[in-house]
Amino acid sequence: MANEDNNNRNLGRNGKSSLGRRTFLGAAGAGAVTTTLAGCLGGVGGDDDDGIFKIGHLAPTGMAMGVGSERSAEIAVDEVGKVRDQEIELISENTETDPGGTSEIVERMIVEDNVDLLVGTFSSEVTQRITGTIADEDVPFIITGSADQSTMANTTGDDYEHNKNIFRTGPINSELQAEAMADYAEFLSDEHGWNTFGHLSEEAAWTKSFQELLPDELRSRGFDVPYDDTVSLSTDNYTSILDDLESEGVDAVLRFFASGGQGKLLKPWITNRYPFAVEGTHVASMNPEFWGQTEGICQYETTAQSGGGGVTDITDKTMDFVETYQDEYGDDGAPTKPMYMGFNTYDAIHFYSEVAEEAGTINYNDDLDDIVEAMHSVEYTGAAAEISLYGEDSDYPNDAKETRTDGKISNYPVTQWQPNEDDEGGHQELVYPAANSSGDHIAPPWM
Amino acid sequence: MLDQILSVLLLGAVVSAIYALVAIGFTMIFGVGGVLNLAHGGLIMFGAYAYVVLTSSSVVGAIAVPPAAGFVIAVIATALASYALYAGLVRYIEDNVVITFLSTVMVALLLTNLIHYRFGANPQGTPSVLSGSLHLEGFGTRIGYMYILGFVLSWITIGLLWYYVTQTDEGRSILATSMSERGAQLTGVNLLSVKSRTWLIAGAFAGIAGVILGTVEPTTPQMWLNPLANAFIIVVIGGIGSIKGSVVAAYLIGYLQQFTTEFIGQGYVGIPSLIVLVAVLLLLPEGLYGREFAHE
Numbered sequence: 004m005a006n007e008d009n010n011n012r013n014l015g016r017n018g019k020s021s022l023g024r025r026t027f028l029g030a031a032g033a034g035a036v037t038t039t040l041a042g043c044l045g046g047v048g049g050d051d052d053d054g055i056f057k058i059g060h061l062a063p064t065g066m067a068m069g070v071g072s073e074r075s076a077e078i079a080v081d082e083v084g085k086v087r088d089q090e091i092e093l094i095s096e097n098t099e100t101d102p103g104g105t106s107e108i109v110e111r112m113i114v115e116d117n118v119d120l121l122v123g124t125f126s127s128e129v130t131q132r133i134t135g136t137i138a139d140e141d142v143p144f145i146i147t148g149s150a151d152q153s154t155m156a157n158t159t160g161d162d163y164e165h166n167k168n169i170f171r172t173g174p175i176n177s178e179l180q181a182e183a184m185a186d187y188a189e190f191l192s193d194e195h196g197w198n199t200f201g202h203l204s205e206e207a208a209w210t211k212s213f214q215e216l217l218p219d220e221l222r223s224r225g226f227d228v229p230y231d232d233t234v235s236l237s238t239d240n241y242t243s244i245l246d247d248l249e250s251e252g253v254d255a256v257l258r259f260f261a262s263g264g265q266g267k268l269l270k271p272w273i274t275n276r277y278p279f280a281v282e283g284t285h286v287a288s289m290n291p292e293f294w295g296q297t298e299g300i301c302q303y304e305t306t307a308q309s310g311g312g313g314v315t316d317i318t319d320k321t322m323d324f325v326e327t328y329q330d331e332y333g334d335d336g337a338p339t340k341p342m343y344m345g346f347n348t349y350d351a352i353h354f355y356s357e358v359a360e361e362a363g364t365i366n367y368n369d370d371l372d373d374i375v376e377a378m379h380s381v382e383y384t385g386a387a388a389e390i391s392l393y394g395e396d397s398d399y400p401n402d403a404k405e406t407r408t409d410g411k412i413s414n415y416p417v418t419q420w421q422p423n424e425d426d427e428g429g430h431q432e433l434v435y436p437a438a439n440s441s442g443d444h445i446a447p448p449w450m
Numbered sequence: 412m413l414d415q416i417l418s419v420l421l422l423g424a425v426v427s428a429i430y431a432l433v434a435i436g437f438t439m440i441f442g443v444g445g446v447l448n449l450a451h452g453g454l455i456m457f458g459a460y461a462y463v464v465l466t467s468s469s470v471v472g473a474i475a476v477p478p479a480a481g482f483v484i485a486v487i488a489t490a491l492a493s494y495a496l497y498a499g500l501v502r503y504i505e506d507n508v509v510i511t512f513l514s515t516v517m518v519a520l521l522l523t524n525l526i527h528y529r530f531g532a533n534p535q536g537t538p539s540v541l542s543g544s545l546h547l548e549g550f551g552t553r554i555g556y557m558y559i560l561g562f563v564l565s566w567i568t569i570g571l572l573w574y575y576v577t578q579t580d581e582g583r584s585i586l587a588t589s590m591s592e593r594g595a596q597l598t599g600v601n602l603l604s605v606k607s608r609t610w611l612i613a614g615a616f617a618g619i620a621g622v623i624l625g626t627v628e629p630t631t632p633q634m635w636l637n638p639l640a641n642a643f644i645i646v647v648i649g650g651i652g653s654i655k656g657s658v659v660a661a662y663l664i665g666y667l668q669q670f671t672t673e674f675i676g677q678g679y680v681g682i683p684s685l686i687v688l689v690a691v692l693l694l695l696p697e698g699l700y701g702r703e704f705a706h707e
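Chains as they are written, first to last, in the working numbering: chain A, 4 to 450; chain B, 412 to 707.
Isolated chain A, as found in the complex (with noise of 0.2 Å):
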């Protein structure tokens, strides 16, 4: 098929195109050689289609969370094998947590790898800093690591027919995820008797959310939410935080950290013992290796994650990825499990295969609606959740789907850090939803 492979790239399309006039005469330069030189040489064909689908991925590998969403693309790209039969070529690359560096990384890749498909991306700050220039393009675009609602709000929700090509297959959006949340909230009001919350988030996109509907969302169901609110990145002491909590007699801290608190909160709270649990996000506590790292004064806090830290079965999946991915990289160093990026990610490549398979084509320049509509309609068991996306006229169009039990959403889980049973080293273990669950969410001992 002509372009199958995407090579011919419609870059001044709309004359919107953020590549700049300078890289568009480059590179059109370059493909004029090329395909002069190819014609001489008998070349790879008039379509100039290399054969090969190009996958770029996008995660910050100097973290463990983009190493195992590296690691993680890298098998799924080993079993999927070829995509439309063209064998698959990964493409890898270093974001950090830097926006304008990821800008250039993804102009690069759709200019001179021609990607046929973008994956990743972890912070919400370097997403939100991209999307402008994939939509340009076309690329189909996956996240599957930012999970700021905005994101799509301002891309597929704003102007849908310019951003269709970007999609999430997971994790849930942060406002699914802030209902999510209160789920769980219920839950341990079941579990324990615990009806009074505390709100606390980083200053950042993915947790606007959470501010903005947690706290009411509680009170609707019937909780107190005596303390609510918002700390900055860079906050090192949060004794201060700790003693308002424990002066409001919250139950449990419903906490958001990403990029920030990096444990210091937990340090004050295990040393102090202050007398309520501490749950909700903290992606620092979801590296396998954290209980090591930090000599267990993570012991008792929660984190929600896709995947659920790979300690159970959440699809008939979960656990054979998680084997591979040990058996592949077990040797290789931290993290010795795909944290929930690599479970997206990994999610995301094989989605996408069944996709393209449905569309008959991965020619997103000349075939982008079926491409669309064959994301729409694909339905995917993966190995972190069963993947299906919102339609165009949903809230959430191109986003990953909650799936709900007994109307409580579901595909959300919380691990739990606990000490082992001889009291050497710790474990996490999936405490909720019950369905999935692999030990009781234990109440801290001191409460």
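Some hints here could point you the wrong way.
A partial selection of chain B residues facing chain A, derived with a Cβ cut-off under 7 Å [to be verified]:
hint	residue
1	Pro538
2	Asn637
3	Ala640
Label pairs and their computed distance ranges (CB to CB) [said to hold, decoys possible]:
hint	chain 1	residue 1	chain 2	residue 2	range
4	B	Ala495	A	Ala156	43 to 49 Å
5	A	Arg111	B	Gly676	38 to 44 Å
6	A	Asp323	B	Leu525	34 to 40 Å
7	A	Glu194	B	Leu541	33 to 39 Å
8	A	Glu194	B	Asn524	24 to 30 Å
These are calculated hints, taken from the structure and not from any lab test. Cβ coordinates follow ideal geometry from the N, Cα and C atoms, glycine included.
Once you've looked at the hints, dock chain B against the given chain A.
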């Protein structure tokens, strides 16, 4: 309200004590050698990670030592690292202020990257020399024993330093050099020896601060940024080169930050310090205890 005020008084005291440790080392090196040593922050981190390596079974399990021994060894290692920085680099370039300043920045960044490469960005926890805490219900707060130990150690080391620089010939030679390098030379002071001892002492202070900070908070590659920024503010307010000024300013800034946290909000914690800094720069450029005896 009363419990909040008591909480500010208590937490302000322990936080300020750690700030003083950081600032004194920073100001001594400037006072004696005229070097703005931004690698001082890197040395704080070095001390914290040295303690992690020595005491944490998850890093190099075979060499895990008891926390108290780890504390002492980490402080000695940091002091030696500080001396090595002087003897191996700064000594040869200290006449050029700009080159020295930039070099210490580079050393700090290099240390950060090496730590990041070896340990990653995730926080490292450490076993405490003293575990547990006091619940002070009347104060409305809880305070870890490590904070209390930090407070006590801070005053012991400050007291020892004060005794050393005022009551011993070697110490007085440091004070003399900080007042006038030329004058000290004329009285037979060995400048190289004075500077070497100063870097050793400053390194030891950084090591103590690093271990305490690393045990009351998680140890991360960025852990030195805020303490160094605070030290910079403290040293300017206290008077660059003045040990007494650093101690006074450390408590001023520590209490100011604690007051802001308690009564205004955590998000505004850095602003009052900067306002005071600007006011001092405008009204009292030499700081509270500037180098009043210095002459060139």
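Evaluated hints:
A hinted interface residue such as Pro538 (chain B) counts as satisfied when its beta carbon comes closer than 7 Å to some beta carbon of chain A; here the least separation is about 6 Å, so the hint holds. Taken as an interface hint, Asn637 (chain B) checks out: its beta carbon lies about 5 Å from the nearest beta carbon of chain A, inside 7 Å. With a least beta-carbon distance of about 10 Å to chain A, the hint placing Ala640 (chain B) at the interface is violated under the 7 Å criterion. For Ala495 (chain B) and Ala156 (chain A), the hinted distance range of 43 to 49 Å is not satisfied, since their beta carbons lie about 54 Å from each other.
For the pair Arg111 (chain A) and Gly676 (chain B), the beta carbons lie near 43 Å from each other, so the given range of 38 to 44 Å is met. Restraint check, Asp323 (chain A) to Leu525 (chain B): a C-beta distance of roughly 38 Å satisfies the suggested window 34 to 40 Å. Separation of Glu194 (chain A) from Leu541 (chain B) is about 34 Å and conforms to the stated range, judged on CB atoms against 33 to 39 Å. For the pair Glu194 (chain A) and Asn524 (chain B), the supplied restraint of 24 to 30 Å is violated, since their beta-carbon distance comes to about 45 Å.
Hints 3, 4 and 8 from the list above are not met by this structure, while the remaining hints are.
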